[in-house]
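Line by line, the protein sequences are chains W and A. Using our numbering, count along the first sequence one by one with no gaps and you end on 315. Using our numbering, count along the second sequence one by one with no gaps and you end on 984.
Just so you know, these hints were derived from the structure itself, not from any lab. All figures in this text were calculated on a predicted structure; none of them were measured in a lab. Careful: at least some of the hints might be erroneous.
Said to hold, decoys possible - Only pairs whose alpha carbons sit at most 16 Å apart, straight line, appear in this in silico EDC-like list of lysine to aspartate or glutamate:
| no. | chain 1 | residue 1 | chain 2 | residue 2 |
| --- | --- | --- | --- | --- |
| 1 | W | K130 | W | E201 |
| 2 | A | K965 | W | D134 |
| 3 | W | K130 | A | E968 |
| 4 | A | K895 | A | E968 |
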Amino acid sequence: MVKMPKTEARKTWSLATRSSPLPGFRLTIGFTLIYLTVIVLIPLTAILLHGARLGFGVFLHTVTSPRVLASYRVTLGCAAIAALLSAISGMLVAWVLARYSFPGKRIVDALVDLPFALPTAVAGISLTALYAENGWIGRYLEPHGIHVAFTPLGIMMAMSFVGFPFVVRSVQPVLEDLDPAMEEAAASLGANVWQRFTRVIAPVAFPALLTGTALAFARAAGEYGSVIFIAGNMPMKTEITALLIVTKLEEYDYTGAAAIAGAMLALSFTIMLLVNVIQWWVQRREGKRV
Amino acid sequence: MSGRGALPPSALLRASIQQRVGRMVLIVAALVFLAVFLVLPVAAVFTQALSQGWKMYSDSIYQEDVLSALRLTGLVACISVPLNMVFGIAASWAITRFEFHGKSLLITLIDIPLAVSPVVAGLMYVEIFGLHGWLGPWLSEHNLHIIFAVPGIVLATVFVTFPFVARELIPFMQAQGSDEEVAAVVLGANGWNVFWRVTLPNIKWALLYGTILAAARSIGEFGAVSVVSGHIRGQTTTLPLEVEMLYNEYNFTAAFAAASLLTLAAIVTLVLKKTIELTSGVHQPVEEKEVQS
Chain W
26 MVKMPKTEAR KTWSLATRSS PLPGFRLTIG FTLIYLTVIV LIPLTAILLH GARLGFGVFL
86 HTVTSPRVLA SYRVTLGCAA IAALLSAISG MLVAWVLARY SFPGKRIVDA LVDLPFALPT
146 AVAGISLTAL YAENGWIGRY LEPHGIHVAF TPLGIMMAMS FVGFPFVVRS VQPVLEDLDP
206 AMEEAAASLG ANVWQRFTRV IAPVAFPALL TGTALAFARA AGEYGSVIFI AGNMPMKTEI
266 TALLIVTKLE EYDYTGAAAI AGAMLALSFT IMLLVNVIQW WVQRREGKRV
Chain A
692 MSGRGALPPS ALLRASIQQR VGRMVLIVAA LVFLAVFLVL PVAAVFTQAL SQGWKMYSDS
752 IYQEDVLSAL RLTGLVACIS VPLNMVFGIA ASWAITRFEF HGKSLLITLI DIPLAVSPVV
812 AGLMYVEIFG LHGWLGPWLS EHNLHIIFAV PGIVLATVFV TFPFVARELI PFMQAQGSDE
872 EVAAVVLGAN GWNVFWRVTL PNIKWALLYG TILAAARSIG EFGAVSVVSG HIRGQTTTLP
932 LEVEMLYNEY NFTAAFAAAS LLTLAAIVTL VLKKTIELTS GVHQPVEEKE VQS
């Protein structure tokens with residue numbers, strides 16, 4: 026391995042085995058790093074430094090006040106259940122898309138990405154209209170005492186809407202790669218449906234399912250646009266953490282907003298780390314197998 | 692069914708029927724779920740938008756505020772998407788054509804905007820450019836407005852759409868390899884010639900794919916933009932913010948009419964995306980990969 030990237034770039038024309046004969050390394054890496062620093066790293070630092078300037082005591086006091094704690098409970102609780110719902114429904118849809126052919130499959134496959142493409146505010150008002158008392162779905166649920174709009178149930182619906190494609194798009198390629206012959210072999214050896222699922226499919230699909238679910242959870246925990254319309258936004262009951270940041274900002278409480286944002290960033294980075302660890306684990310496992 | 696040898700024919704037949712029924716059940720379950728979960732919300736947008744008739748619908752859209760929101764949304768997308776295209780090309784060129792230390796860290800850092808809550812993203816720029824932020828006093832001294840103005844909206848949008856092009860190009864260019872570019876260089880082409888004549892034609896579909904995703908997100912971004920916008924009607928409201936304001940004023944028909952424009956944009960995005968997948972092989976299982984493994 027060449028040790029320094031710069032020497033490698035300079036050796037551009039030497040055609041050494043490990044160095045690239047292609048030009049443009051310094052230009053592109055320079056632009057990449059500057060752009061990344063200006064757009065992402067400096068702003069992130071700004072918010073983390075603001076949080077750090079508060080001092081640990083004030084920071085802790087701010088991020089553990091009762092209203093903020095209640096917002097974590099709502100956000101994380103709903104995001105966890107939503108991620109679970111996304112995992113189940115996403116696994117089903119990924120399986121059907123990967124394994125079966127049926128008329129209109131391409132349209133269905135394209136449709137899966139709708140929550141990525143549909144602006145969150147649109148999803149928010151539309152889900153609210155559907156699940157409100159007189160909505161297309163709400164009118165059938167209300168008589169049974171199931172209130173979705175303006176309750177935690179509504180928050181879960183919105184969160185699983187935005188998280189769902191992450192699971193499908195993580196699991197689907199893995200299931201497509203899995204040779205059906207493996208299952209047929211298991212079946213011919215007498216494995217029943219459950220055994221084939223738990224022994225053959227699940228071990229292969231599990232890391233991807235875990236990655237997809239973690240991404241869905243991360244998205245759900247940070248989600249704002251689609252949730253605020255359906256949530257009702259009652260402090261202590263249906264107020265999500267992202268909304269609390271906005272509320273603090275509107276009250277000119279920049280310190281409070283930065284502190285809560287710091288806590289949310291910590292969660293984001295933990296999930297990112299988790300996803301990277303899963304991927305590293307999969308790569309190592311694959312490497313061993315080959 | 693516990694025998695280790697070949698199963699008797701009747702058992703095989705039963706298994707095959709079981710399989711067929713199971714398949715039908717799963718397909719129907721998935722389709723019903725998708726219809727309720729994804730199709731109904733889209734149908735609801737158009738039904739609500741047209742609930743007072745076409746006249747009311749077109750009147751709601753031909754409002755000065757809605758049109759100016761539409762213009763702003765277009766402007767923001769036209770600035771932020773090309774910026775991220777240039778970044779995506781530069782980053783993927785550096786990452787896939789050269790070996791250097793910290794490469795995997797760089798790839799991880801590019802993904803950060805996907806993990807950060809949009810509200811936090813907006814707040815970051817308030818921390819820097821807002822009145823109480825790092826550069827706030829200096830900016831207000833020089834009468835420059837970033838927060839509660841268009842530059843802030845552009846910045847927030849650039850942040851949330853930051854990884855899309857790069858994330859499409861990096862795996863694509865990695866899989867493609869650099870043989871053709873190396874050949875061009877050996878034959879005497881300079882860097883720009885290699886890029887315009889060899890690389891760009893090769894990556895154009897993946898580039899377009901990432902660009903469409905970035906454009907869709909930039910048109911629809913709500914949380915990040917909402918924090919930095921200030922919601923000044925006719926000046927700093929993008930179309931999604933206009934939807935929110937109309938909705939909060941209980942002007943539901945107008946809100947859904949504006950939302951229907953965004954929904955149409957989302958449908959166009961999905962159609963373009965699928966078309967590229969089907970015609971160009973981007974995001975389709977690559978045959979070579981299977982051969983290698």
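**Study point:** Violations among the numbered hints, reported as their numbers in ascending order
**Key:** none
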